[in-house]
Every structure is written in structure tokens, then in C-alpha cells.
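Since chain Z is already given, all that's left is putting chain H on it; use the hints.
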Amino acid sequence: MSRILGVAAWFAGLLFFAPVAWMVLTSLHSEPDAATNPPSLAAPVTFDSYAEFFDSEPWPPLINSLSASVGSTVLVLLLAIPAAYALSIKKVEKWSDVLFFFLSTKMLPVVAGLLPIYLVAQYTGMLDNISFLVVLYTSMNLPIAVWLMRSFLAEVPGEILEAAALDGAGLVTTLRRVVAPVAMPGIAATSLICFIFSWNELLFARVLTGVVAGTAPVYLTGFVTSQGLFLAKVCAAAVVVSLPVLVAGFAAQDKLVQGLSLGAVK
Amino acid sequence: MTVVARRARGATSGAGRLAVALLSPTFVVLALVVGYPLVAALRESVFREGTDLDESGFVVEGARFVGVDNYASVFAGESAVRFWNAFSNTTVFTVITVSLEVVIGVGMALVMHHALCWRGVVRASILVPWAVPTAVSALLWRWIFQADGVANSIIGQQVLWTTEGWQAKFAIILADVWKTAPFVGLLVLAGLQIIPNDVYEAARVDGASPWRQFWRITLPLVKPALLVAVLFRVLDALRMFDLPYVLIGPRKASAETLSMLAFEEAASLRFGPAAAYATLLFVYVAVTALVFVRLLGADVIGAARERAAKR
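Chains as they are written, first to last, in our numbering: chain Z, 4 to 269; chain H, 8 to 318.
Next up, chain H with everything else stripped away, as it sits in the complex:
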């Protein structure tokens, strides 16, 4: 069927009504469960808890409307240094872990796809790191990276991995890539299934090398699945919290992420500033996602069908 015919059918109002009907339950669930916390966080971010004196000198208890004060204090003095440090940590972790996960994940998917023997076991076992709950894997890596741990006995050095410095960042990146590369691998594996075998056969007849087949056929065809994986990994990595928290611990400048900042503030009952941090992180994630979708829009949002039609 041609693209034009598809469009014409899709444009009928019957299909439109059906689409709305099919979408609405999902909308309702999301708006209820996710919309409220967002509004609550925004509201919280313009209030401040605690005992204070009002203009006329009376003692005021409880939450007080402070406007943009919470945001202003994020960018003032000490906390500005801390905020920008966490910001750069978050960004560095996201960029490095997601790039490594894409490379390793695609490799894993190819191994799972082409496994010659023990297919089921190979495919299931690649998921192992992801299957181990984060609470445990963070602990596992803490044992590995402790002063008299396995990491040090392998390299024969005495590196204090979980202290301030590059080594803490390295430990976090290694543990995160180890854990989430299988996620990318799984999605790419599913994407690989929709490539018909005859495409490869045609390429082989044409004498294309495996390397060329990979770049020209495999990669472009798994791109939709891969981009969704990357997008969701970026969203999760930007909000990274439990791994650095358990592995390195709170209030360490080398490992502190924006989520950890928000958590620390909330844990010390400063809900206003905590909500301000959370809102800033929300904005950061939203802008990143928007740029991602706009830049790669054609591939992420659709065009797959057109490509299929052309094929």
C-alpha cells in the first residue's frame, strides 16, 4: 500500500475518534498519578518551612510563601558552587554512561542475535546484571571497590575508590554501564528481529562486507528502537540517584548528582529548597528531551512506516 493511501485512510474521522478512544485511558492514568506530584513539587518550591519572624516581628510557624527565594538561594554563594558541581556531575555521568551503554548494548544485541549454541541461556544471561536489584548491585560494587576489595587486588594498587576524586566517578560510571547496558541490548535485540533476512542475503550477493552490512543495513534499521532506548536512558541517567548514593555516599562533591541534592535537602526537612532543586532538574531533563526529540524527530517520532513503504 502506498503512503498516500495510508494517509487517506488515517485521516478519516472514524480512525481519529478510535485513536482518541484508545489513547484516553493512558492519558487519564498518567495525568492522575504523575500530574499531581509535579504540581505539588512546583507549589512546594515557592514555600519555605520553619519558624520565622514576619514583617511586624511576630513568630510564624509552618510553611510560608517565599516566591522565587528558594530558586534564588540555589544560585547564591556556597549553594551555587554545589549546584553547578552537581549539574556538571549529572551531565558527565549521563553523557559517558549512555554513550558506553549504546556501544556495549549494540554489541550485546548482536551476540544475542547471532548466538550459535545455547541461545536461550546466552540471551537470558546477558540480562543478569540488570536483573540484580540496584540495592544489591550497588552493594556488590562497593565490596569490589573497597580498600581491600577485588578491584585493588586485581590491579595491585591501593586506590581508595569511594573517596573524593576521579576514582569515585570512574566507579559510578563502571557500575552504571555494567548494570544498564543489557537494557539497551534488549531493546536493540527486539529491533533486530524486524529486519527481514532477505535484506542481508541481497547484501551478501552484492558482496558487502559484514562491517559494511552493519553500518548500512543493521544500524539504520534498528535506529528507531535504539533511539527510544537512548532517550529513556538519558532521562533516567539525568535523574540518577540510588547508585552513587549507595556506592559512594551522600555529600561527596565528586559523586553528587542533582537528584541527590534534592534528596539531601528533603531529608533535612528543607522541603522548599528540595522542591526547587527538583524543579530545576525537571526543567533540565525536559529541555534535554525536547532537544533530543526535535533534533532526531523524524527518526524518533515516525518515518519508520514511510521507510518500510519505500522498502
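This is chain Z alone, in the form it adopts within the complex:
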């Protein structure tokens, strides 16, 4: 039984990675080799496509994306952790309405928000400005961050909060020294999710940014439009744009898997 399951898991895993593996493989081939179907494994490896991609000045969009994603993730955490803490220390029936209000911001189709938000950006002179994207992404990620943090903070044992209160710890100290360490897996997961959502956001970035504040996905779609027929080059670009998320995932996974194992209560 477990053997069959193991084989199935391996098969599923391979199938799962096949598209990405194909993308990486194609990015390492020369254009003529990349165009063969089915993709050939034996073709010589070359980094020409990467060299050409980096020649096309991809740094400003990559840096824009990095500042938008990191900035909004930090802001989200600063807002969501206290809010979620508030929702979990005081449990009243009405709070479910508060939580539902946070959800409501995820109900309007993104395409419907495009025009009004564009007009706001235009009116406030924030078009093509990274700070506007930071605020926008923060508000887009806040609902899920509050919900997630709340479900994780609800698991922080009451005893240690009480002990902290008895020792005279203030709010900031309690959050930083008591709550944060226990809720670390939740915080890690939440920040990773916010980072990925902001890094990959395309619709708003495409409408609200231009030459100055264009983000990596916007740059990538432009690159696809102009170089779409050159498979290897597009794949190389896609790999480069996806890499920061993987680095973030790798960095977060350590924090993600340490929780009550710290032995906070024992």
C-alpha cells in the first residue's frame, strides 16, 4: 500500500515539475535547439539567452519589484499582526463581522477596480510611482494576512500571555518577545504569501506604471511580446524573474517549520 503511494507521489512530483524543468532546460539551449519538439535533452548547454536577457537592462524593473514586494510585505505585517492580535485577545461575537469586512475587500473583481484606482493615482499624481504600488499591494494582502495571523495567534497558549502580563510586559514587548516567536511559522507563511502575491501582481502594475516604476512581471510581458518567438530567451527571462521568489521561499522555510517545538509552555 505505502509502496504504491510512494510511487504515485514520485510520479505526481515528476509531472508537477515537468513544466518548470522544461522551462529551465529550454532557457539553457540555443534558439534552434529550443524550438525542437519534443525538447531534446542532449542539446549543448549555453548561457547565451541569459546573457542577452541581462543585456536588455532588466535591473530597474527587478529592483522596482523588489522594493514594492518587500515594502508592502513589511507594511502588511506591521498592520496585520496587531490587528490579528486584537482579534484574538478579545473574542466577541461581533469580531466575526470585522473579519468578514476584511474579506469583503477580496470580493470585487480586480478588473472592476482598475479604472477607479487608476483615476485615484492620476488625481493624486502617483501614476508610475512605486509608493502607490506599495500602498495598493499592502491593502490587497491585508485581508489574508489578518485572517491567517488570527488563526495562528489563536493558538498562542494563554498561559504565556498571562505570564508576560504578570511580569509587567507592555504591548510591544509582548508582541515581540512572546507572541512573535511562538507564531513564527504563521508569520513566515504570511510574509512569504504577501511577497509572492506582490511580486507576481501584473494587472495593476501594468495599468499604473510606466517607464519609471514598471515591475518585473510588466517588463517580462513586454519582453514576451517583443521576443515571443525566441523560446530560449523568454524562458531565461522567466527563470530570472521567478528566482527571487524561490530565494525568499528558501529563506522562509527554516522559520516556517519551527513552532511550539520551542517549548514555550513546557
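Derived by calculation from the structure, the hints in this document are not laboratory data.
It is possible that part of the hints are untrue.
Which chain Z residues stay away from chain H? Per the calculated CB distances, all over 10 angstroms, these [as the list claims (entries may be wrong)]: (1) L17; (2) F20; (3) A45; (4) A46; (5) P61; (6) F104; (7) V113; (8) E158; (9) R180; (10) P184; (11) I199; (12) A241; (13) F253.
If you want a taste of the chain Z side facing chain H, the calculated C-beta under 7 angstroms gives, among others [said to hold, decoys possible]: (14) M110; (15) V114; (16) I147; (17) G173; (18) V248.
Note that the structure is predicted; figures quoted are calculated from it, not measured.
Glycine included, C-beta positions come from ideal geometry on N, C-alpha and C.
Same frame as chain Z, but now just chain H:
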């Protein structure tokens, strides 16, 4: 500490004031950035753009108040067929993709949690499909599903994946599950961390099989995290837009979702009808979320603490 003691402490007005103070910044940000577009969409949905004749025969330019006309025309004739088709597509995509993502995501979380070697790499690599920007992954799947693409050479058939029919739906569901199952997996993985090891040890001492441990311990304890993941996946899936748009293309009956309808109308500068579609979708999503939270309320909204207290 007992539940009663917690309640008593939580009910003091000091904690209440603190809670309000901690919540208000989040409220302000959300109301400002999300409240306005909603009001704007609602307002837009009762106007209609374009040149028209008024009652006395004069030419009127610009937006005109039309009341519920935009909504009425959604449900009339041709557009009613199109609306209900998009409605059923949206519903089918949501139900199928989210159920598959839950099953696969939980599986992924267990693999990430129990990985014996190369833990960091295993955990990070499962996130790969989600890390690839949608713009690229949709393109990736379009290459895979094109007539002379990889999908056809594997199954040895000539299926025109991106044309009308079941195959377009299949392609969308496959690509969406592939992309977002890691999201569910990540959340469940984080949820798994709060299960103390001694619970499993006790179960093992009692001779519970792994299968039974999974159903009786793991699943109930990750339920809060899993439900949040499902809730947010449902909200996102109901508003699905870019994947079918890039993979299959606009104006294809088999793939058209409600978001795509709204986008198509807006792209042809019919802002009134576009806003009407958007508002209808908003109502659909809101009702779904409300039912979800009400049905599973105890698990989603709280009760985790009580459970922990009992444990």
C-alpha cells in the same frame, strides 16, 4: 488557564480599547483603498456611456443615468445566455480547482513536513509553480497545449486544446491546480507546525494507524489554517481572469468567466454594463463567502482557542 478566565480578561474595557486601537489602522487603509473602487463600480453600473437621444430628441453626449437598465440588459436575450454560461464556467472552475487543490495541497504539506533529506530544497521547490509569474505560466501552458505541443506528443493524439469544448476547460483546470496547489500546501504546512509531537506519540502508543492518525489528529488540527486557505482560494477562483484569458483567449464560450465578461465590456468602453457584471460578480462572491463563513463559522472564526484550552 480556563476559558472562563480568558473571557473575563478579554471582556475588560481596557482590552477592548486596545483592540480597537490595534485594528483601526488596518480599517483605515482598507476603507480608503478598497471602499472607493466598490462605490465607484456601483455608481458606474447605473450609468451608460455614449451618444444618445433624450426624450425630446436632443443629442446627449457622455454618461447618462439609466437606473437598473444595465442590469436588466444582462438578463435579456443573447447576453443572458452569455452571462449564465460565464456563471456556470466560473462555478465549475471554482468547485473543481479548489477541491483538487485541497487534496494535492494537503499531500504537498505532508511531504514538505516529513521530508527526510534535502528538506530546504524540497520545501522551496514545491513552491516553484507558484513562484512563476502567471503571465509566464499561462504562456508555458499555452506552449504545452498548442497543437504540436508537448501535451499532444505525450498522449499521441491531435487534440486542439485551446479551442471550444471540454479540452479548454480541462487545460484551464490543470494549469490552475498546478499553479495554486502550493499555496494551499504552504498554509497547511504552517498549520502542521502547531501540532505538538506528543499528540502523535500518544496516538502511536495507543496503536493508531498512520491513516487513522491523519484523519483523527492531523486533519482536525490543521483545519483552521486549511479553511482560511480554502476560503481565500474560493474568493480568488471566483474572480479568475488572467489564466483563461492568456491560455484560451477572450470570447470563447467554454472558457469565459464572469471577470472576463466584465473586462471585455470595459475594453469595448461599455463601462456601465461592465460595472453591472462586476457588481453581480461581487454579489455572487459575497454570498458565497457569507455562506462559507456561516456554515463553517465555528471553525473559521474561532473556537481554536477553546479547543486548545480543552486539550
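Status of each hint after checking the structure:
1. L17: 12 angstroms, holds
2. F20: 7 angstroms, violated
3. A45: Non-interface label stands for A45(Z): nearest chain H Cβ at 17 angstroms, farther than 10 angstroms.
4. A46: 16 angstroms, holds
5. P61: Nearest chain H Cβ is 13 angstroms from P61(Z), so the label holds.
6. F104: 8 angstroms, violated
7. V113: 6 angstroms, violated
8. E158: The claim breaks: E158(Z) does not keep its Cβ more than 10 angstroms from every Cβ of chain H (closest is about 5 angstroms).
9. R180: 17 angstroms, holds
10. P184: 12 angstroms, holds
11. I199: 6 angstroms, violated
12. A241: 4 angstroms, violated
13. F253: Given that some Cβ of chain H is not farther than 10 angstroms from that of F253(Z), nearest at about 4 angstroms, it is violated.
14. M110: Where the cut-off is 7 angstroms and the nearest Cβ of chain H is about 4 angstroms from M110(Z), the hint holds.
15. V114: 4 angstroms, holds
16. I147: 5 angstroms, holds
17. G173: Given a least distance of 11 angstroms, the restraint on G173(Z) is violated.
18. V248: 4 angstroms, holds
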